[in-house]
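J.: Respectively, the protein sequence lines represent chains B and H. For the first sequence, my numbering begins at 242 and goes up steadily by one. For the second sequence, my numbering begins at 242 and goes up steadily by one.
Heads up, some of the hints might be wrong.
No copy labels: a pair is met if it fits in one copy or bridges any two.
[Unchecked claim] Result set (BS3-like, lysine-lysine): computed pairs, CA atoms no more than 30 Å apart in a straight line: (1) Lys369 <-> Lys557; (2) Lys557 <-> Lys434; (3) Lys332 <-> Lys561; (4) Lys533 <-> Lys332; (5) Lys533 <-> Lys307; (6) Lys557 <-> Lys533; (7) Lys465 <-> Lys343; (8) Lys343 <-> Lys512; (9) Lys307 <-> Lys434; (10) Lys561 <-> Lys369; (11) Lys544 <-> Lys561; (12) Lys465 <-> Lys332; (13) Lys307 <-> Lys535; (14) Lys561 <-> Lys434; (15) Lys465 <-> Lys561.
Calculated from the structure, these hints are not laboratory results. Source: prediction; values computed, not measured.
Below are the chains, spelled out letter by letter.
2 protein chains.
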Amino acid sequence: MATDVVLGIDIGGTNTAFGLVDRSGNLLAEDSIQTRGHADLHAYLHAVAGGARTLLERHGAAVALKGAGIGAPNGNYYNGTVEFAPNLEWKGVLPICDLIRKELPVPAALTNDANAAAIGEMLFGGAKGMRDFIIITLGTGVGSGIVVNGELVYGHDGFAGEIGHTIVDPDGRQCGCGRRGCLETYASAPGIKRTVFHLLADSSMESELRGVSFNELTAAMISKAAERGDKIALEAFEYTGRLLGLKLADAVAHTSPAAIFLFGGLANAGKLIFEPTKRWMESYMLNIFKNKVKLLPSGLQDKNVAILGAAALIWKELQKP
Amino acid sequence: MATDVVLGIDIGGTNTAFGLVDRSGNLLAEDSIQTRGHADLHAYLHAVAGGARTLLERHGAAVALKGAGIGAPNGNYYNGTVEFAPNLEWKGVLPICDLIRKELPVPAALTNDANAAAIGEMLFGGAKGMRDFIIITLGTGVGSGIVVNGELVYGHDGFAGEIGHTIVDPDGRQCGCGRRGCLETYASAPGIKRTVFHLLADSSMESELRGVSFNELTAAMISKAAERGDKIALEAFEYTGRLLGLKLADAVAHTSPAAIFLFGGLANAGKLIFEPTKRWMESYMLNIFKNKVKLLPSGLQDKNVAILGAAALIWKELQKP
C-alpha cells in the first residue's frame, strides 16, 4: 500500500526547500532550488513543482501525494497569498496557493514560517497534545506562532502572531518594520549584536569582542565568547533574556500558554539564552501565571522544521472532521 | 409556552447583582444583595439562589430556567472556581459553580467579569458575528476578554486575558498585583488620577484640579475638567491614550482582532479617551495591521452588562452542538 505523503515547501529569500513528509513527520525525501533568478513567479513555482515531481517519481507507487503545505514570509493563511514580503523579488500580493494547485492536483495551504513551525511542533515535536502554546523563532528576525485551543491563531486578517513586533520601548532601536523598539531589535541575532555594541560603548570592561567590527560580529561569536566567560558577551545574553522575558510575560497575560518554545539561531545558544529569559520572565509574570509556563527548546531542533512545519499545515487540515 | 431564561450572577466586592436573561439578551427581572456580611460562602450563595427563586416565582410558568452563569473576579472557567480574589472576604479556592448547582438544579458556568462582558458583547452587543475581537474594561482596574475564532481564550489554566497586567514600564508605578508598571496603573480610573498628580507636579500649567486632594479626585472630575478645556486634564487623557494605545497595538500583534471594545467608567469619557487611544494605537501599530482594527464603545453601554455577560456564558454553552 502506498504511504500517504504531503509536500512541504519552505520559501526563503535565498533558497526554497521542499520535501515529502509522511503522517508521522518523517522527511522521506528533500531538495531545494534557488528562490531568485526565475523569469517570473509562474516560472519559479513551475520549477518548485518540477522538483517535487522528481522526488515523487523517485518513490513511484510507494507514495501517494495528499497535499502541499507552504511556509513563507508574510504568508496569509486565509487567502493563500504572500503579501508584500520584503525579502522576495516579486512585489504585492502573490497568489501562491492558487498557482501551486494548478501545478499539483492536490489541496494546498500556506502560512507564515513561524506559524508553520508552530503546527510542526504541535503535530511532530514537543507540543504534541498541548492545546495552548507559543513558539518564538529567534533568528534574523523574531517570529511567533500562537496556538489556542489546539488551533493556530490567525486573527481576523490571517496575520496574527507577530510577537517579534510588540514594542519594548517606543523610543528604542530602529526596526526594519519602520517603527522603533520592537522586540525583534533586541532578541534576534542582529539584536544581540546591537546589544554587544551598546555594552562595548557604555562600559569599560575588557572583552575579546573589542577587536571585532560590527560587520564581522555574529551571534555565534557572541555565544562562543560567552562560553569562554567574556563579561560583555555574558551581559549581552542577560540583557537579551531580560527584554525577551518581559515580552514573554506579556504574551502569557494574553493567551496563558502551557509552554513557550524557543527556536532558531539564537535559541541554539542554549542555557546562555534560556536561563536569563526564564528568570526574567518569571520575575515579570503576574502571580497567577508564575511557575506554570514551561520555557522549552523545540522538539524538532535537529530536523528540517521549515519543511516539516509546512507539511504539518496540510496534515492538520486533513485531520479536521 | 414558557420563555427560556438564564440566571446571570455578577459577583462584585460589595454587591452581587443577578437577573433573568432571555435568549435575545433581554433582562426580564433583576435584583441584588450585599456580597459581605453572610455567615459563610454557603449562606451567601443560598441567599443569591433565594433571590433568584423569588424572581422566578414572580414570573411563574411564563419562564423556564435553563442555567446559571456567573461572572466573578479571578473566576476560573475550567474549574468553576474563584481563586484568591483579593476583593472577597472568602479566601483561597471557592467552588462557586458546584455550590450554585446544589442550590439550583441547572447547568452552571463561571468566568471572570471581563470575560463575561466579552461573551455578552459577542451574543448581545456590538460584536455579534465577529469571530476575533477584544474587550477592555477600564474601571477601578483594567480587565480584558480575548475572543479568537468565535471562542473566548481561556488559556491552559483558565486565566488568559489579563491585558491590564501587561507591563508598560517595569520600573513604573506600583500595581495592586505586587509588580510595577502594569497597564492598569495608567489606564484605569485610579491610573488617570495618578497621571494628573504627576502632571500637576511636573508642569506649571494652571488647572482647576490644583485645588483637589488625591483622596477627593475622581476620574469623573478629570473628565469634567477636560470638557471645560483644563489643560492638565486634557494632557492626562492624552497620556492615558498613549499608553493604552501602545499596549493595544501589542495586543493586536498577538491575536489580530477585527475590533477592540472599550468599556467601563473611563470609557464613558467618550471622545476624550477614544480619540488619543485610537491615534496612538495606529501610530504604534505594525504596518500590516494599520487602519484595520476598529476601536469601539461597547454595544451594551446602557445595559447591565455584568448580568447579561454572565448569562451569555450559559447561552453560549447551550449553543454548542
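J.: For this structure, which hints from the list above don't hold up?
T.: 2, 3, 5, 7, 8, 9, 12, 13, 14 and 15
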